[in-house]
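Peer 1: Using the hints, position chains B and C against chain A.
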Amino acid sequence: MTDVLVGIENLSRDFDVSKPWLNRVLENEEKKFVTAVNDVSFEIRRGETFALVGESGSGKSTIAKLIVGLIRPTGGQILFDGTNVATRGSASMRQLRSRFQMIFQDPFASLNPRWRVKDIIAEPLRTFGVVEGRAAWEKRVDELLETVGLSAKDGAKYPHEFSGGQRQRVAIARALSAQPEFIVCDEPTSALDVSVQAQILNLMRDLQDEFGLTYLFISHDLSVVRHMASRIGVLYLGRLVEVAEGKTLFREPKHPYTKMLLDAVPDLEMTGRSRQPVEGEIPNPIDPPSGCTYHPRCPLANDRCKREVPVLKLHENTKAACFALEEGRG
Amino acid sequence: MTMDSERLKPPGLWARVFDSDIWYSFTRSKVIMAAAIVTLLIFLGALFAPLIAPHDPFDMASLYLMDSLTPPMWEEGGNPVYPLGTDDQGRDILSAILYGSRISLAVGFASVAFAAILGISLGLLAGYMGGRVDSIIMRIADVQLTFPSILIALLIDGSVRSVFGGIDREQSAFYVLVFSIGLSFWVQYARTVRSSTLVEKDKEYVQAARLIGLHPLRIMASHVLPNVMGPVLVIATINLALAIITEATLSFLGVGIPSTQPSLGTLIRIGNDFLFSGEWWIAAFPGAALAILVLAVNLLGDWLRDALNPRLR
Amino acid sequence: MSDALLSVRDLVVEFPTRKGILTAVDRVSFDIARGEVLGVVGESGAGKSMTGSAIIGLIEPPGHIAGGTISIAGQRIDNLPYEAMRRVRGKRIGMVFQDPLTSLNPIYTIAEQLIETIRTHMDLNERQARDRAIGLLDQVGIPAASRRIDDYPHQFSGGMRQRVVIALALCVEPELIIADEPTTALDVSVQSQIIDVLKRMCADHGTAIMLITHDMGVIAEAADRVVVMYAGRVAEIGAVRDVIKDAKHPYTKGLMGSIPTLMQDSDRLTQIPGTMPRLTDIPPGCAFSKRCPEAFDRCFVEQPDCRPYQGRDVACLLYDEGKPQ
Chain A
1 MTDVLVGIEN LSRDFDVSKP WLNRVLENEE KKFVTAVNDV SFEIRRGETF
51 ALVGESGSGK STIAKLIVGL IRPTGGQILF DGTNVATRGS ASMRQLRSRF
101 QMIFQDPFAS LNPRWRVKDI IAEPLRTFGV VEGRAAWEKR VDELLETVGL
151 SAKDGAKYPH EFSGGQRQRV AIARALSAQP EFIVCDEPTS ALDVSVQAQI
201 LNLMRDLQDE FGLTYLFISH DLSVVRHMAS RIGVLYLGRL VEVAEGKTLF
251 REPKHPYTKM LLDAVPDLEM TGRSRQPVEG EIPNPIDPPS GCTYHPRCPL
301 ANDRCKREVP VLKLHENTKA ACFALEEGRG
Chain B
1 MTMDSERLKP PGLWARVFDS DIWYSFTRSK VIMAAAIVTL LIFLGALFAP
51 LIAPHDPFDM ASLYLMDSLT PPMWEEGGNP VYPLGTDDQG RDILSAILYG
101 SRISLAVGFA SVAFAAILGI SLGLLAGYMG GRVDSIIMRI ADVQLTFPSI
151 LIALLIDGSV RSVFGGIDRE QSAFYVLVFS IGLSFWVQYA RTVRSSTLVE
201 KDKEYVQAAR LIGLHPLRIM ASHVLPNVMG PVLVIATINL ALAIITEATL
251 SFLGVGIPST QPSLGTLIRI GNDFLFSGEW WIAAFPGAAL AILVLAVNLL
301 GDWLRDALNP RLR
Chain C
1 MSDALLSVRD LVVEFPTRKG ILTAVDRVSF DIARGEVLGV VGESGAGKSM
51 TGSAIIGLIE PPGHIAGGTI SIAGQRIDNL PYEAMRRVRG KRIGMVFQDP
101 LTSLNPIYTI AEQLIETIRT HMDLNERQAR DRAIGLLDQV GIPAASRRID
151 DYPHQFSGGM RQRVVIALAL CVEPELIIAD EPTTALDVSV QSQIIDVLKR
201 MCADHGTAIM LITHDMGVIA EAADRVVVMY AGRVAEIGAV RDVIKDAKHP
251 YTKGLMGSIP TLMQDSDRLT QIPGTMPRLT DIPPGCAFSK RCPEAFDRCF
301 VEQPDCRPYQ GRDVACLLYD EGKPQ
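So the sequence lines, in the order shown, correspond to chains A, B and C. Under the numbering used here, think of the first position of the first sequence as 1, with each following residue one higher. Under the numbering used here, think of the first position of the second sequence as 1, with each following residue one higher. Under the numbering used here, think of the first position of the third sequence as 1, with each following residue one higher.
To be clear, the hints were calculated from the coordinates, so they are not data collected in a lab. Please note that the accuracy of each hint is not assured.
Here are the simulated DSS-like cross-link-like pairs (lysine-lysine), alpha carbons at most 27 Å apart as the crow flies [what the hints assert, rightly or not]:
1. A:K139 to A:K65
2. B:K203 to A:K32
3. C:K290 to C:K245
4. A:K319 to A:K65
5. A:K31 to A:K65
6. C:K290 to C:K19
7. C:K19 to B:K30
8. A:K306 to A:K32
9. A:K157 to C:K290
10. A:K157 to B:K203
11. C:K253 to C:K290
12. C:K91 to C:K19
13. A:K247 to A:K157
14. C:K19 to A:K157
15. C:K199 to A:K259
16. A:K306 to A:K31
17. A:K313 to A:K259
18. A:K32 to A:K65
19. A:K153 to A:K139
20. A:K19 to A:K32
21. A:K19 to B:K203
22. C:K248 to C:K290
23. A:K306 to A:K319
24. A:K247 to A:K259
25. A:K247 to C:K245
26. A:K139 to A:K157
27. C:K290 to A:K153
28. C:K19 to A:K153
29. B:K203 to A:K65
30. A:K247 to A:K313
Only a predicted model underlies this, so the values are computations on that prediction, with no experimental measurement involved.
Same shape as in the complex, but just chain A (with noise of 0.2 Å):
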């Protein structure tokens, strides 16, 4: 149990979508919510990659923010290292805030464009009171600034003088400079060119091996969760629905979902093949399909698939929520 540094228990959330009160008293509509996050559960282990991979409407990154505490989960906790993030007092708050970052998407979003790199890297350092000292906290910036493989001359520019991955380079700078055991990385690369993601890819690599770094990926491109992740989780319209080991999920993936999203995704080794055609597309989520919510695209799915939700159980070394999978079926 030890080696659980993060602990995510009936994690939930849901999101307010109805329509302004007037137009709902008017048009006589009750509230409605998209549950984004569902029932999720998984943990993570120090000093590994967890990669949550899903599509669009996942709920991926509503689970990234929850994690870190950018919105708060309408049920299920979060423990960090045994703690639950939703409970503690503000004392140790801000002791717990230091040992968890964040690494954004879009690197032109993530720089507030009026600050100079350097303050925008110590900004973390000051605030936690990790060095005293203007001179202090110059000289820790500017050593960041090389590890994360740009010049401590760099620090004096604004963020619009760097391209795209030399943007993510500065935060992934800023992430690391209150020395954080934990980075939650929300779709680092995939703003990215190719050539510039293998940069990226590989120094979060090295400053893990480096560090010591536990890693939240998250990412819609199988490939690059493929590269980073030791443990993979497979999200479907906010449900877990398959979680194990990265080289068995790609190997042997359970969930008819899984298959069918490694078989979909272009790669290139697969010129002129011929593929199974996929079916459908995601449903949306204010009104989702009933019991499993795969089932209407699902090849293998039967009457109890739309009446019952399945949950997460052992199949050889995976985890997969599917009955089709626990009766045999397919």
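Peer 2: The following block gives chains B and C in isolation, referenced to the frame of chain A:
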């Protein structure tokens, strides 16, 4: 090595100004350069009025009633001592314009600053906090928008004077004007800042600041505010022209600056009485000065709006 | 290459700026044969989209074509007046963009937009045009096409909208479709459906496609040949399989190595040091020389031409006769 680090030093403020797109678009338009020069001249004239004005229109002792209603120097009966003629009290029109634009600009700047500070603060609060705070602030703004700004200014001016009836009008007129004009303009700032704040607060750099537990007020001031100031600058410039006009209107209506310290509007009101008796210059020159100033500032505002708009670049 | 449908020769696109002229596309040449899918791949700013815009005559001013020729079936189209070019665009070249909403007018139904396009370019009456439109929607895989044709664009999901755009691009049977990042905004599962639709439609109608994307995986699945662009210039052109399995240009090699794949286990990705130069400071000689592990002295002074080498075209001095041993 020293050479190298010297060369790689980020360029200074002026170098950046002259390298910027704004400066480039500025130098490309003759109209804008002319407007800027006119504005600058009027600003300097107003600022150094005591040094450059041929007479001191506020110094009653220096006025000669004999010289009252002198036409401009090129008209028959004109006197080169009073290049643009004199008014009914013998005040030199040119000097009165210089001193008058001083008051007009002071009221303009002060009320714009007041409106901007009020509007920006409320707009930031409304946009960032959202929910009930947002609803209350913006509903007040909506209600205020249903009244014309002149009406609000008149209302405030009237109520201030009935409440503080005893105070010295010469002393209070300036502050009453600034307060009433400023209060009638804040809505525009609040709305603009609120909508920019709504966009900025969802950006990831704000989330990054929230993540480390910064206080919302600190995030608003140091992260959101610098990024919503662009449109504010444009509104402020255009509002400066509006504020000067509003001040002139109020003064013309007789609720503004008293005639002992005439602003441009007061001068036009004084001149208005003589307009039909042939002494056209008393109203015409202050009127022309007002029109030129407002036009130049407006042109600058329009240009600034286009230059700062990334979509038009 | 007499059977080439589209032939681009030494295309140069320039953007005058106050700091001088930017060359966004620099002497690019390639052909597309009838019924062929030509992939164009490159990083952002490599000039791939700009090449597409040049072909359809939609470069945003002040950018303009500063040299070279573009011909479709032997007819030059780069110097046509606006009206004539508009007819070519509607009739002979179809377009599919990344964001389907830019191609669809939100205030008209799908039927109105399809029928208008069909009737502008084909001699059909309202009834026939509508039947044709329904048939097309059916072919691109929109369920219940005869009912959904009267819906507005916002009533479709992203993937369905992109299908509608493909139908719109195909409705007058153009000879060439320019698809600029057609699947980038879509989810993986939908992306593969759209690629399938594009491929199938073109096979059925004999339409050639210029598929512009940054995603090598999409190219690998869909394209016959691929043009690799770097800093506005062509680095390599060849059959997709050749380019992926056995890249010649050092940039292409680096690019292929940097793409994580589903099949292989690798601890580190190959990375190309540095970033693509901004168009304002492309080095003299080969644009890639500063990042190239195999660069030698000539690379820094001499700009390589695209020359045939082992069944493909490569713009690299390594494959030039004068290579030092």
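Peer 1: Which hints, by number, does the structure contradict?
Peer 2: Hints 1, 12, 13 not satisfied by this model.
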